[in-house]
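> These are the residues of each chain, in order.
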Amino acid sequence: MGTCANNRASSSGWGPNTCRLLLLLLPAQVVFGQAARDLEGIWSNATITPLERPADLAGKQTFTAEEAAAYEKQAVERSNVDHRSANAEADVASAYNQFWYDRGTKAVGTRRTSLIVDPTDGRLPPLTPEALKRVQDTRAWIEQHSTDGPEGRTLGERCILWATAGPPMLPGPYNNNFQIFETRDQVVILNEMIHDARVIPLDGSPHLPSNIRQLMGDSRGHWEGNTLVVDTTNFSGKYSVRGSDANLHLIERFTRVSPDTLLYEFTVDDPTAFTKPWTAQIPVTRTKGPIFEYACHEGNYAMTDILAGARAAEGKNPK
Amino acid sequence: MRYSLAIAIAGVSLLVSAAPAWAHHAFAAEFDSNKPVKLHGVVTKMEWINPHAWIHIDVKNADGTVTSWMVEGGSPNTLLRNGFTKASLPVGTEIVVDGYQAKDASNKMNGRDITLPDGRKLFVGSAGQGAAPDEKQDK
Chain A
3 MGTCANNRAS
13 SSGWGPNTCR
23 LLLLLLPAQV
33 VFGQAARDLE
43 GIWSNATITP
53 LERPADLAGK
63 QTFTAEEAAA
73 YEKQAVERSN
83 VDHRSANAEA
93 DVASAYNQFW
103 YDRGTKAVGT
113 RRTSLIVDPT
123 DGRLPPLTPE
133 ALKRVQDTRA
143 WIEQHSTDGP
153 EGRTLGERCI
163 LWATAGPPML
173 PGPYNNNFQI
183 FETRDQVVIL
193 NEMIHDARVI
203 PLDGSPHLPS
213 NIRQLMGDSR
223 GHWEGNTLVV
233 DTTNFSGKYS
243 VRGSDANLHL
253 IERFTRVSPD
263 TLLYEFTVDD
273 PTAFTKPWTA
283 QIPVTRTKGP
293 IFEYACHEGN
303 YAMTDILAGA
313 RAAEGKNPK
Chain B
21 MRYSLAIAIA
31 GVSLLVSAAP
41 AWAHHAFAAE
51 FDSNKPVKLH
61 GVVTKMEWIN
71 PHAWIHIDVK
81 NADGTVTSWM
91 VEGGSPNTLL
101 RNGFTKASLP
111 VGTEIVVDGY
121 QAKDASNKMN
131 GRDITLPDGR
141 KLFVGSAGQG
151 AAPDEKQDK
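The listed protein sequences derive, respectively, from chains A and B.
Going letter by letter, the first sequence gives residues 3 to 321 in this note's numbering.
Going letter by letter, the second sequence gives residues 21 to 159 in this note's numbering.
Bound conformation, chain A alone (with noise of 0.2 Å):
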């Protein structure tokens, strides 16, 4: 294995910074065996480590390996207790017993304790006040109407685009998986929650119109070295990462940076949603296939049953 391999168990690893400046400069056979612009397989991001950093964390950007181990143990021992909880609302919000995810055992290969490098903070810069505004005013209409119909649901729930599909791709609590395919002029990115499949052209093409509006954008994307830079735009704002609107320039960067590890960053540059840009980066792993099919409509007995539910809480429909 390279010496930009995943090495998380090394206290003298390089940092992906060092590992991409290689890639850049050297042949990929140098580095490792295979061709270092081969991003194709199935990888998985599933990780326990946060998007943002938590409070108890402030200040603290990577673990130790210890510490980093440590905290792998601590939140698989709390994650195998059976959380039933006395409070009967908290027992049904919180639905399964830990079973039923699949979010990893493992903290990230960088051992950082947040997805988000940049602000430094790891923490999510302050929304805009309109974003703000605007978050608020839909969570207040939540309140009100999220049973009216089929509408009101989130996307999720209506089986159109899961929230950590993306882009960007973030873990979830299971499905994190997704299978890359590339070919001379495009790479596809299938994305096992919940179905989607991203056509990235690589021929030069310019974005779309600006008024040609695209749930999951528009993505193109070209080489830089031996990384994979997609950019995207033209997004609906009818999916939004964290509070971005339809204005969301997206920055993905692919970089392969061992035979099992792809690392991922991606930057949220929205202006008019938050008050200055934000990085995340997610070391990918190559994982078993396949890719399941996500056929999530035909069974999706919860819409029926919630709606349903509502509708015989307002008398209409008694059983």
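Treat the hints as calculated values from the structure; they're not laboratory data.
Keep in mind that the hints are not guaranteed to be accurate.
To be verified - Listed below are the simulated DSS-like cross-link pairs for lysine-lysine, each with C-alpha atoms no more than 25 Å apart in a straight line:
#1 A/K108 to A/K75
#2 B/K141 to B/K65
#3 B/K141 to A/K75
#4 B/K65 to B/K55
#5 B/K106 to B/K58
#6 A/K290 to B/K106
Since this is a predicted model, take the numbers as computed values, not measurements.
Chain A is fixed; fit chain B onto it per the hints.
The following block gives chain B in isolation, referenced to the frame of chain A:
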């Protein structure tokens, strides 16, 4: 206005998803915390469907009649990866299900706790560690 707010919900879902666990949908919207249910039944079918699997059980009532219930489980992909297979819960298995009934008062409930006759709980544990040892498989 209504439409524009409705379509923005997906984005806010991340901001408001502070629930202790995060399923495909809000369980608190589907199941009623005022209707706790504990049933002893026999498995008649398991639907391996997305977004969540459903276990069907028959419950014998005191008067000898039988009532069928559906129990909501987890993502089938995840169940399989965690070692839960078609053979893990065969038809005819007696289970005790402890959870909450659907708000519409139909015979559906969430599978909060599922216990086998020998006392083993099926779904206690984290990824890769939850299945009973003899059900673990290398996926």
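> Against this structure, judge whether each hint is valid.
Comparing the hints with the structure gives:
Restraint check: the Cα-Cα separation between A/K108 and A/K75 comes to about 9 Å, which is no more than 25 Å; the hinted pair holds. For the proposed pair B/K141 and B/K65, the alpha carbon gap of about 19 Å is at most 25 Å, so the pair holds. Distance restraint check for B/K141 and A/K75: the Cα-Cα separation of roughly 22 Å lies within the 25 Å cut-off, and the hinted pair is therefore satisfied. For the hint linking B/K65 to B/K55, the alpha-carbon distance of about 24 Å falls within 25 Å, and the restraint holds.
In summary, the hint linking B/K106 to B/K58 is supported, as the alpha carbons are separated by about 24 Å, within the 25 Å threshold. Between A/K290 and B/K106 the CA atoms are separated by roughly 20 Å; this keeps the pair inside 25 Å, and the hint holds.
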